[in-house]
Amino acid sequence: MRHSAIYPFTAIVGQEDMKLALILNVINPSLGGVLIKGEKGTAKSTAVRALADLLPAMETVKDCKYHCDPQDHNRLCETCQDHLASHKSLAVQAAKMRVVELPVNATEDRVVGTLDIEYAIQHGEKKFEPGILAQANRNILYIDEINLLDDHVVDVLLDAAAMGVNRVEREGVSYVHPSRFVLVGTMNPEEGDIRPQLLDRFGLSVIVTGEHEPEKRVEVIKRRLAYEADPDTFLQMYQEEQETLAQKILQARQLFPMVSIEDQLLILVAKIAIALEVDGHRADIAVIKTALTLAAFSGRMTVTSNDVQEAARLALPHRMRRRPFEEGILDWQKVEALFGDQ
Amino acid sequence: MTVKTVFPFAAVVGQDQIKQALLIAMVNPKVGGVLIAGEKGSAKSTLVRGLSQLIPNRKLIELPLNATEDMVLGSMNMEQTVIDGKRHFSQGILAKAHKEILYIDEVNLLQRELSNAILDVAASGIHVVEREGVSKSYKAQFTMIGTMNPEEGDLPPQFLDRFGLYVTAAGEKNIKDRVEILRRILAYEQNPIAFYQKYKRAGEEIRQQITAARTKVKQILISDTMMQLAAQISLQGNCAGHRAEIFLLETAKAIASLAGRDVLLPIDMQEAAAFVLPHRMRQPSEDSKEQHSQKEQHDQPVQDSSHNEQLQLPNEEQSNGNQPSQDKDEESEGKIQEETAIADLLPIGNMALGVQKRKVRQGSGKRTLAKTNTKQGRYVRSCIPTKTVTDLAFDATLRVAAPYQLTRVKGMCCINICKEDLRQKVREKRIGTTFLFVVDASGSMGARQRMKAVKGAILSMLQDAYQKRDKVGMIAFRRQTAEILLPVTRSVELAEKSLQHLPTGGKTPLAEGLYTALGMLSTMYRLEKNIEPVMVLVTDGRANVGSREGQDAVSEALQAAQRIGETRVNSLVIDTEQDFVKLGIAVSIAQALGGSYYKLDDLSSENIIHIINSMK
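Residue numbers (my numbering), protein chains in the order written: chain D, 25 to 366; chain R, 6 to 621.
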């Protein structure tokens with residue numbers, strides 16, 4: 025695909041929650057990704073690709089299969105570690121953040137990586153051939169219809185999604201490499217459930233629907249037609265907006281480590297988690313991290329109660345304790361009552 | 006990954022039981038490993054991985070879920086073999102784990118073939134290799150640590166038994182701790198290295214505690230009194246075999262030595278019991294009597310059915326109480342419902358969060374695991390192909406070819422592969438079964454509160470289907486027609502919803518219901534070649550509407566049943582007939598279907614699940 029063929033992120037009409045959730049994840053990739061629930065044709069995949077395209081290139085180690093971050097010495101792959109140890113420095117190249125797709129019918133060996141057959145036959149030696157999880161390191165891993173994914177593929181995803189590491193012990197090769205990605209999954213809830221364990225790995229979830237106001241629908245069509253008629257002009261129209269947003273994201277990234285949160289709000293989040301009886305601690309952690317990221321995105325150094333509320337709205341709905349047949353609905357009134365107590 | 010990216014063990018707030026269990030296993034390898042079961046996000050894996058930084062002289066060897074058999078058990082070393090034509094062998098993960106710690110995350114999701122192999126080795130401590138022309142044996146004594154989320158499925162009982170200690174994990178419930186957890190995680194993420202430094206000393210202390218306890222534990226003598234106490238405790242827990250006593254004593258020794266003592270006290274035994282017994286306790290006689298009667302009725306081997314220590318399962322009773330209240334459905338044409346019936350008797354909640362039930366399930370393995378001959382599924386091992394190779398196992402093929410490379414003519418490549426070297430991949434896939442529920446919703450069912458009981462029974466099955474990720478479809482028949490309430494779907498929730506809103510009333514067009522089922526089954530066969538669905542027919546058999554004029558409703562239904570019976574379906578008929586004069590039509594229907602037959606009154610949730618599991 026030509027680079028210019030990507031629809032601009034800022035030209036997407038509506039879907040504010042989805043756009044926000046995606047932006048927060050690129051500001052802070054440790055949020056754990058987004059699960060997008062909703063019908064087809066709601067610009068899900070367009071938005072993901074457009075966002076990746078919007079961001080400026082990042083620094084990666086030159087020719088590294090895992091696009092290691094030359095600054096982050098803690099998370100280098102074996103090759104880069106060895107190279108760093110022997111040469112004391114790493115060659116750097118710029119690379120755009122990519123959207124790596126994991127198709128629903130992907131086989132396990134494609135996902136985790138496997139034995140490099142060609143190399144083995146030619147040289148009589150074993151070598152690891154990286155899979156999708158390798159490509160996804162520091163990129164966006166996009167899984168359309170994630171609820172239809174085979175169970176055994178989900179199993180191998182779980183660990184990588186939580187630990188940021190892919191550990192391979194298969195087909196004669198034993199290998200460990202970093203695999204830290206922004207997980208973006210889409211699903212249509214009517215087509216089946218997603219396993220609770222995988223659900224919990226998602227930082228945020230949003231629901232998308234088609235626009236209901238006729239005016240907005242018309243606007244969607246208008247823009248799409250304008251874009252298809254003359255992509256270059258269309259891109260130019262949005263260039264300024266695109267640059268502003270890209271700047272805002274970059275600034276938020278820089279600001280993020282300095283954002284602080286008051287104890288009172290931490291207590292509030294803990295109270296919410298207990299009131300809603302969520303499993304484990306991932307919910308609280310996700311809410312806090314999202315709130316911090318939201319503050320950074322607004323250019324603030326401190327988290328407000330509003331940030332927390334907004335974060336709860338994005339990070340909690342999919343974590344409601346769900347036994348079979350229990351409606352996994354977020355009791356928002358409970359949350360609001362707790363905010364009221366503040 | 007480097008040391009500093011792991012969240013420090015000492016920085017984990019709370020979870021004292023898990024920490025203690027892990028320390029015990031580090032001090033005394035004879036306690037037989039630890040299984041940590043608990044809800045997601047409760048620091049299970051974090052603790053284990055953090056611990057790996059603190060254990061003196063031992064390593065943590067991880068066994069990832071994607072591991073193939075050759076990596077676990079070892080395989081021929083292809084590289085060396087190619088060079089000198091002699092068969093060299095590379096050790097597998099199990100052999101590498103000798104004297105170390107073997108960690109299996111999500112242990113309940115491990116491939117069945119692998120878990121069996123690991124069990125063998127764990128039991129004997131010796132790993133015998135007879136593969137690929139190599140015959141060797143290795144010592145493989147390791148401490149096994151497993152973590153799992155019971156929501157995702159059970160661990161086979163014989164595997165469960167291998168773990169000496171069992172602990173459950175749950176999130177912290179008090180605000181102060183939760184806030185502290187948040188603070189620490191934020192600090193850790195902001196600067197992992199500084200965070201690591203901060204807890205370095207606390208970690209060092211734990212390391213010293215382990216080292217000191219390791220020397221002490223060897224000096225502790227077991228008195229006769231303690232042995233008797235161990236025997237008493239195991240007897241009270243009704244534990245099978247003598248493993249419990251041994252684990253109890255060894256665990257108690259570790260506990261005493263961790264406390265800095267070299268004498269064993271009764272409190273040590275008490276603490277040890279909390280770790281060793283939960284997964285071994287069996288329910289005493291009352292229950293087993295009931296199990297025996299089931300055994301005779303259904304010819305199913307039910308053994309060892311046991312629940313866990315009561316105090317471990319506060320949720321069970323609560324959820325039992327809550328769940329049936331969801332059944333407050335209105336049947337539009339139904340009568341005022343005050344049924345107590347089966348729905349209330351079925352403890353639906355107890356499987357949702359329960360600890361494993363120890364039970365030998367026949368056929369459950371087949372239901373959850375199947376060898377597939379498509380390219381889907383997890384690659385487990387290789388085999389010699391029977392016909393043409395459709396799914397080549399490259400690694401195995403290379404290993405077969407390796408020893409002959411010295412003598413074979415090679416072109417540009419280093420390895421020349423002949424036809425007889427080719428090996429096929431064996432894949433394992435957890436496939437759910439497709440269930441088709443055909444439910445009689447006629448007036449005769451609505452009467453006498455049968456429907457509520459039926460719903461209870463089906464709900465139990467749906468519960469199980471949810472866990473196993475089966476597919477379900479549902480047909481209801483009443484008045485003149487049969488209606489597909491739910492096309493085959495993976496969403497068990499939808500099935501439950503359509504069941505809730507199922508109206509009853511009118512006549513019983515049994516034949517129509519069965520023909521509709523036949524139609525759905527044929528579609529399934531066309532879509533999936535190897536499918537073997539399970540049809541559950543719930544009816545009182547009192548067919549009184551034929552699909553065509555002038556036909557006898559019952560004989561028509563029997564014909565339909567016969568036709569379904571000729572397909573690959575496994576059928577189960579649940580008879581709801583309750584009238585004083587029983588016509589017994591449902592039995593004939595079951596015979597025509599070639600399926601099994603049960604009376605609704607005989608069903609409890611336990612045996613429903615059991616029956617379902619034996620179906621496929």
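Treat the hints with care, as some may be off.
Stated by the list, open to error - Here's a subset of chain D near chain R, in silico, CB distances under 8 Å, partners left out: (1) SER54; (2) ARG99; (3) GLU102; (4) THR103; (5) ALA130; (6) GLN146; (7) LYS151; (8) GLU153; (9) ASP183; (10) GLN278; (11) PRO281; (12) ILE298; (13) HIS305; (14) ASP308; (15) ILE309; (16) ILE312.
No lab work stands behind these hints, which were simulated from the structure alone.
Just so we're clear, the structure is a prediction, and the values are computed from it rather than from any experiment.
Every residue, glycine too, gets a C-beta built ideally from N, C-alpha and C.
Evaluation of the provided hints:
1. SER54: holds, 6 Å
2. ARG99: OK, holds: ARG99 (chain D) within 8 Å of chain R, min 7 Å.
3. GLU102: Violated: closest Cβ of chain R sits about 10 Å from GLU102 (chain D), beyond 8 Å.
4. THR103: Violated: closest Cβ of chain R sits about 14 Å from THR103 (chain D), beyond 8 Å.
5. ALA130: violated, 10 Å
6. GLN146: holds, 5 Å
7. LYS151: This hint is violated: LYS151 (chain D) lies away from chain R, its Cβ roughly 10 Å from the closest one there, beyond 8 Å.
8. GLU153: violated, 10 Å
9. ASP183: Holds. Min distance 6 Å.
10. GLN278: Violated, because the Cβ-Cβ distance from GLN278 (chain D) to chain R comes to roughly 14 Å (cut-off 8 Å).
11. PRO281: With Cβ-Cβ at 6 Å, under 8 Å, it holds.
12. ILE298: holds, 6 Å
13. HIS305: holds, 5 Å
14. ASP308: Since the shortest Cβ distance to chain R is 6 Å, the answer is holds.
15. ILE309: Holds, about 6 Å.
16. ILE312: holds, 5 Å
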